[in-house]
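If you read the sequences in order, they're chains A and B.
Per the numbering used here, residue 65 is the first one in the first sequence, and the count goes up by one each step.
Per the numbering used here, residue 12 is the first one in the second sequence, and the count goes up by one each step.
Just so you know, these hints were derived from the structure itself, not from any lab.
These numbers come from a predicted model, not from an experiment.
Each residue gets a CB set at the ideal place from its N, CA and C atoms; glycine is no exception.
It is possible that part of the hints are untrue.
[As the list claims (entries may be wrong)] What follows is a list of derived Cβ distance ranges for each label pair:
#1 277/B to 339/A: 46 to 52 Å
#2 253/B to 318/A: 54 to 60 Å
#3 90/B to 325/A: 24 to 30 Å
#4 91/B to 370/A: 49 to 55 Å
[Stated by the list, open to error] To list a few chain A residues with every Cβ distance to chain B over 12 Å, as calculated:
#5 117
#6 265
#7 324
#8 384
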Amino acid sequence: MGRTIIHVDLDQFFCACEEQHDPTLKGTPFAVGGRPEGRGVVASASYAARTFGVRSAMPMAHAVRLCPELIVVRPNFPAYREASQQVMERLHALTELVEQISIDEAFLDVSALGEPGEQVARRLQATIRAELGLSCSIGVAANKLVAKIATDVGKSMARSGALPSAICVVPPGEEAAFLAPLPASALWGVGPKTADKLAGMGILTIGDIAAWPLEDLARRFGQHGEDLSRRARGQDDRPIVTERAAKSISQETTFAHDVRDRVRLEQTLRAQAQEVAAKLQRKGLMGTSVKLKIRWPDFTTPTRQLTLPQPTDEAEAITDAALRLFNQIWPERQPVRLIGVGVGGLGTPPRQLTLWDASTPEEEARQAKLREALAAVQARFGAGVVRRGSELGEEQE
Amino acid sequence: MKLTCLQENLKRGLATVSHAVAGKSTLPVLANVLLATDGGRLKLAATNLEVGITHWIGAQVQEEGAVTVPAKLLADVVGNLPNDRVTLTLDARTQTVKVECGRFTSNIKGIEADEFPTIPTITDRDPTASLPPDVLREAIDQVVFAAASDDSRPVLAGVLVRLRDTRLFLAAADGFRLATRTVTLPEPVAQAAEFIVPARAMAELGRIAGDSEGPVTITVTPGGGQVLFHSESTELVSRLIEGKFPDVERIIPQQYATRSVLETAELAKAVKLASLFATASQNVVKLTMEPGGELGPGRLIISANAAEVGDNTGELDGMIHGEGGQIALNVKYLSELLGSVKAAQIAVETQSPQSPGVFKPVGQDGYIHIIMPMSIR
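With the rest of the complex left out, here is chain A (with noise of 0.2 Å):
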């Protein structure tokens, strides 16, 4: 039996959260990011600003050249990650099997629910435009791989300039075939360097990798090679991971100018620390390694990387590893473009259960019906209805 897998992407997010912020930006081309002056970036770009060529990724700076009328607005996190949860309930609604891959993107396995996958996508891209007024895209296919490949095809096929809302469902047993005629970069795991190699040997589409004998890729590319075989016949069995597990949580600063300042440069790595400290906690998670990057002026990147003797999710740990591993690596007055700690080996720490933990089986079926007696009366009155007698105390004072 095969599965059927929905890969929806949002389109240009945060243009249309800005976009609903306020109408007036609706048509202009405009662009989400950091200021032309600094080292800002664009985040994202409105598609009347991609006609101009404008794309995310670029610099700011070379997105007003192309588009002197572009208008540079600063981004609102808050605001997207608001956003982008509500996407993630309507999509929760519809199954449990979703794997969120970024903040505007996800996939879903709706094998499940025995209805075409079409159908199930332009149901769900009807509900997010109608409770949420946003657009998104979406591919169905029986895998992952194809899946977000189609909605990349869909988008691409849409008019310029336009919202591209598009639906691209591939049929299953013709994943091979949809893939073919693609460019060789197009599949995962193909990046710059693979590529060009690929061309060398006259590789350029998906369908030639898919045709080409799979000894010789393997000879030549080893494991990556079988892989690539692979997924160009359009093969791919990895589930949905509902919970995505950070391998790493980190923190990096761009500095605005270059930095050769003692002093700034720890002080930022402090910062950076506490930041990553804070992330661990709130996730519940350790680590038992600290890496620091610095990137030079001429954008090389090295890392180091140390093991700590414990796991840790404490700042001073951290900052203390963070140090050492920078004194290592600068030369005094050195220019720094852009530094970064983070950690990894990231893991769940023993926990010790409480004595209240333990509750015995009356008491957990007595929580049980209390849940459910809490949920009826607010199903039926609304969700502020009851409420704790110690938050009550809380709103008098």
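Starting from the structure of chain A, add chain B where the hints point.
Just chain B now, kept in the frame of chain A:
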């Protein structure tokens, strides 16, 4: 004031009351010990306003009187004197106490006795109960360490004392473990009572009971604000903690999936070894219970694993009945518990990795110690 007593008795008496001397206080007199003649004896008293301890020693009183002197200095001086007769003489004008023993003379400046807070005694009330000192001492030692060491939930920094019929019940819980001890008394209590004593005061009472030969009587003030413990030569008064102690009976599991009976000393040794590694990994030790078959005994495996240090595994034979399974515990709690158990064998009852481990010394029905596991994912 002028009196003579034995250095040995004075030294012991000062040690007994010293635990109630305030370490740091804005009231200088609380760092002092009260010396007062009292019906042919010398009364020594100290208080930190939470706990007050009074101790009497035999003395030849030549002149009545009272004074307070720095507790630590006096104890240090007396401790260094020869084991001989000590004469204490107060110069009322300068409030200076002359300490004479053999060929040594010291003068210690004191503070007037009037400035010393009155330590309440309860004389107009019959004791609530009378307890054998050795039994009391053992019971206190088995529960007091399980009380919380901070005051974030005040009742948990205390020991619950329940007196009813011929039963004394003590309980302490810091939120992660619970120790309860029931003692059957030789005679019924005069009056049923239930109160919470600060753990520090309870630990003092344990020490006092250990030094006492006669019974220890308990009297609760009519208002319920204070409790007085009285032994032949020592009195301890403590304020009580207000509030409701958690319902301990509900916390104690009534069933188990696996019951393991182990040699206490062997288990303690294995735990000690594991603790050398566990301290580097959040104190986690894992106990794995493997039930025995018809022919052989079961096994208990104790392991600790610290990523950066190394690991340790220990195996014990034991009578293991039931399903078997695994539980992860804080090694500190486990060692403290084992340190308080005198029985040769201990039973461990477990249900699941998320349910408490219940420890019961074999042959001592009155002691139940519960340790909540650590959840490892």
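query = So is residue 324/A really clear of chain B, every C-beta pair being over 12 Å apart?
reply = Given that every Cβ of chain B is farther than 12 Å from that of residue 324/A, nearest at about 36 Å, it holds.
ask   = Has the hinted range 54 to 60 Å been met by the Cβ atoms of residue 253/B and residue 318/A?
value = Hint holds: Cβ distance 57 Å, inside 54 to 60 Å.
inquiry  = Within 46 to 52 Å: is that where the Cβ-Cβ distance between residue 277/B and residue 339/A falls?
reply    = Taking Cβ atoms as reference, residue 277/B and residue 339/A lie about 49 Å apart, which means the hint holds.
task = Starting from the range 24 to 30 Å, see whether the pair residue 90/B and residue 325/A falls in it by beta-carbon distance.
result = violated, 60 Å
ask   = Do residue 91/B and residue 370/A keep their Cβ atoms within the hinted range of 49 to 55 Å?
value = holds, 53 Å
message = Just want to verify: residue 265/A was marked as not at the interface with chain B; is every Cβ pair farther apart than 12 Å?
response = Consistent with the label, residue 265/A stays out of reach of chain B, its closest Cβ about 44 Å off (over 12 Å).
query = Hey, does residue 384/A actually stay past 12 Å from chain B on C-beta?
reply = holds, 16 Å
inquiry  = If we take the beta carbon of residue 117/A, is the closest beta carbon in chain B still more than 12 Å away?
reply    = Nearest chain B Cβ is 49 Å from residue 117/A, so the label holds.
Checked against the numbered hints given earlier, the structure breaks only hint 3 and satisfies all the rest.
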